[in-house]
Amino acid sequence: MNITIKKGHDIQIAGVPSGEISKHSNLSSIALLPTEFRGVKPKLLVKEGDRVQIGVPLFFDKTNPEVKWASPGGGVINEIQFGPRRVLEKIGIDIDGQEESKSATKYSESDLDLLRRENVMETILSSHLMHLIRQRPFNKVADPKEKPRDIFISAINSAPLTVDLELVLKGSLKQFQAGITVLSKVTEGNVYLGVRPNSVLQEINNAVSVTIKGPHPSGNVGIQTHHIAPLNPGDVIWTVSAQDVVTLGKLFLTGRYDPSKVVTIGGPGVKNPMHVRTRTGVSMRSLLHEQLIDDPIRIISGDVLTGKEAHQTGYLGFYDSTVSVLPDTITREFINMLKPGNKKTRYSLSSAFMKIGNALFNFNTSQNGSHRAMVPISAWEKVLPMDIYPNALFRAILSNDIEEMEQLGIWECDDEDFALCSFACPSKIDVGSVIRMGLDLMEIDGQ
Amino acid sequence: MNWLLKLLLKVRPNFEEGGRFRYFWAIYEATETILFSTDERTKSGPHIRDHLDIKRVMILVVVALLPCYVFGMFNVGYQAALANGESRLWWENAFTGFKIILPIIIITFISGAFWEILFAVVRKHEISEGFLVTCALIPLIMPPTIPLWQVSVATTFGIVIGKEIFGGVGMNIFNPALVARAFIFFAYPGDISGDKVWILGPDGYSGATALAVPAATQNEQAIPLLNSVTQFDFSWINMFLGWIPGSVGETSKLMIIIGAIFLIITGIASWRVMVGAVIGLISTSFLTNILALYSTNSMLTIPPHYHLVMGSFAFGITFMATEPVTGAHTDTGRWIYGICIGVLTVIIRAINPAYPEGVMLAILLMNAFASLIDYFVVRSNIRNRMKRYAK
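Top to bottom, those sequences are chains Z and G. The first sequence stops at residue 753 when you use my numbering, and every number in between is there. The second sequence stops at residue 425 when you use my numbering, and every number in between is there.
Calculated from the structure, these hints are not laboratory results. Virtual Cβ for every residue (Gly too), placed ideally from N, Cα, C. Please note that a few of the clues may not be correct.
[Said to hold, decoys possible] As a list, the in silico DSS-like pairs of lysine-lysine whose alpha-carbon atoms are at most 30 Å apart: (1) 287/G - 645/Z; (2) 353/Z - 396/Z; (3) 421/G - 645/Z; (4) 421/G - 312/Z.
[Stated by the list, open to error] Derived, one-sided and incomplete: chain Z residues facing chain G with beta-carbon distance under 10 Å: (5) 495; (6) 601; (7) 604; (8) 620; (9) 672; (10) 673; (11) 682; (12) 688; (13) 724.
[As the list claims (entries may be wrong)] Stretches of chain Z that chain G covers, calculated by requiring three or more beta carbons in the stretch to come under 8 Å of a beta carbon on chain G: (14) 630-636; (15) 691-700; (16) 712-723; (17) 728-740.
Isolated chain Z (complex conformation) (with noise of 0.2 Å):
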């Protein structure tokens, strides 16, 4: 199958990641962040002090308890941290020298053809390694009950500044392909594989791959579910990002789980933007080691378009594989609405600023304009490659309208493939993040 998607755009921000892997050498400690997991209530199974392995469960869910979540570090619960009302916010552990880690059966390449959606799903439980299973709509971890319609996993990172995907899977074609078999026995549909043209990936068995071109949010994985397979109401599908397929494949073939993983570290306020191997919830401050500009900074886990905020004593979020770092300075430029501009000082992808030549451009935290009332002229439509009418749906959803919203396709829609048209907007309005509240209001009244 080939898709070809024309609406959208890929942000030319400074800062692109060079095409090689270093090792992250002085990894000491690191976080799980429970937060992250929405719609998840926390119960903790480890105290301040518990010397811990890799893969020893740290919490369950109390609504649905065979839910566990590994431990991503060997060595010792350093920090619990509980935010207001005692929401459980973080667990740190300090890594020791020699991480220990735990195991569980190993399964041959030719075996894996053999497993049975029991096995698979009793394997990954046992491992505590659901999490890395997230199901549309609603994006929150995946219910093991549940059996999804079909399987959708993106092989292309279209953000900015986000990890070039091929570069990082080539190296570990066996556990990819590895994760793939195994998923491909949790449901009766289709696995579905996005890849670039060209991709190595295309000769991956038992997924049916679909190659994709063109901007961002192309690699999203609900633009390519929408292309491919559009969710109707009461669909459930699962997505499990490509990296963390290769984490499932090595779960299976090596009885263990690698919380490793390869991360971006970009934009224009680090000095040598690089793919990092190193592991997931790592400290910020040891991942940007002598990497920060001295100007005031916000780094950010996650893209440009949709991570959060995370400074320099945060960690990396555990679905993340990209930091991203921007100046934090603004200057308040002198009749600035008059002025001319190219892409050099002014950055917009309409040509509102007549744009000359494809320089990278140093972004910085500026909203760049106040916010004003929706004035459409067409911002949204022309970078969300879907068959949605944003101004519609967004209406609706400020307006609570549970019954026009699912006839507009909300069940098809998640926050992070409205972000362009947040960045896009020129009333500075956040789409996205009203897209979120109308899929919080679904999952609470719509069902």
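We have chain Z; now place chain G onto it with these hints.
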């Protein structure tokens, strides 16, 4: 310009909540953000944002209007000289035009800013840049002889009734500049109307517009009628270039095309509306040309390429119909909206005997229908999705 920013920030506390001039916060805020780019940072959502904001959108429309202003200045002076039977140098014409247009602009902006600021202060919202566009459009669609008090009344009506009572920019149903024009069109037909033009010349000097010429005579061909006019040169090329009497800024189709190209390249105006309107106008005028064989109405004989350059059609579809808020919001809807404007323009021009010019009424009428068009476009999207859901 750092000293100015420092000065502004120094007086800022006086305008903030609890300060002496807190009621004038909107004025302070507007001054600060017009002079200097905002220092607001992204909080939620994408951490980086496009540099295009509403201020820039609005100012680009004003920039697109500048060629019309420059040409209008020359033409007003030129027409005055022609009417007086004098031959003047180009800069003398420009100066005459300048003297006429400047007061109109000043009055428009003073009245517009007054109401915008009053509403911003009373309703505690920020002053919207939208009024800049409205106020830049109004002088261009007024005849040069318009009494200044009427300009003020029209601007007031346009801003208050056309926009503010709905909640301001982004919530209005009708294009405020067109509402302003429609208001004096119906309230003071003696000073502005579609069939006569008022020119700066000897007292009470006026003439019939190009559109009024075939409207006045029955059973004739439109082009020979236009060519027989001696008072003005109504040849196609002259109407295209704009050396004809009319409102200040709408005569030169060449300047309007320059503005239109600018708006399309910068992505501010929808080319779908403009192209749709031209398609609607051309196809309907072909139809009226055929109907002309069975009728005595000379208006029916106007060929499509004349319709394009006559009256304010070009100006209307470029700067009025493309107004994003009051037009259709969906791309499919924009095609329908544009085509309907073109069709209605010809129908009002050719078939309605009361008004020789129809583009203003066509756009206002379609403004009213824009939401309905969008409704059906969105419904058809919903219908397709429902079919899939049902499977």
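How the hints compare with the structure:
no.: 1; hint: 287/G - 645/Z; verdict: 27 Å, holds
no.: 2; hint: 353/Z - 396/Z; verdict: 12 Å, holds
no.: 3; hint: 421/G - 645/Z; verdict: 50 Å, violated
no.: 4; hint: 421/G - 312/Z; verdict: 25 Å, holds
no.: 5; hint: 495; verdict: 15 Å, violated
no.: 6; hint: 601; verdict: 14 Å, violated
no.: 7; hint: 604; verdict: 7 Å, holds
no.: 8; hint: 620; verdict: 14 Å, violated
no.: 9; hint: 672; verdict: 6 Å, holds
no.: 10; hint: 673; verdict: 4 Å, holds
no.: 11; hint: 682; verdict: 5 Å, holds
no.: 12; hint: 688; verdict: 8 Å, holds
no.: 13; hint: 724; verdict: 9 Å, holds
no.: 14; hint: 630-636; verdict: holds (count 4)
no.: 15; hint: 691-700; verdict: holds (count 5)
no.: 16; hint: 712-723; verdict: holds (count 3)
no.: 17; hint: 728-740; verdict: holds (count 11)
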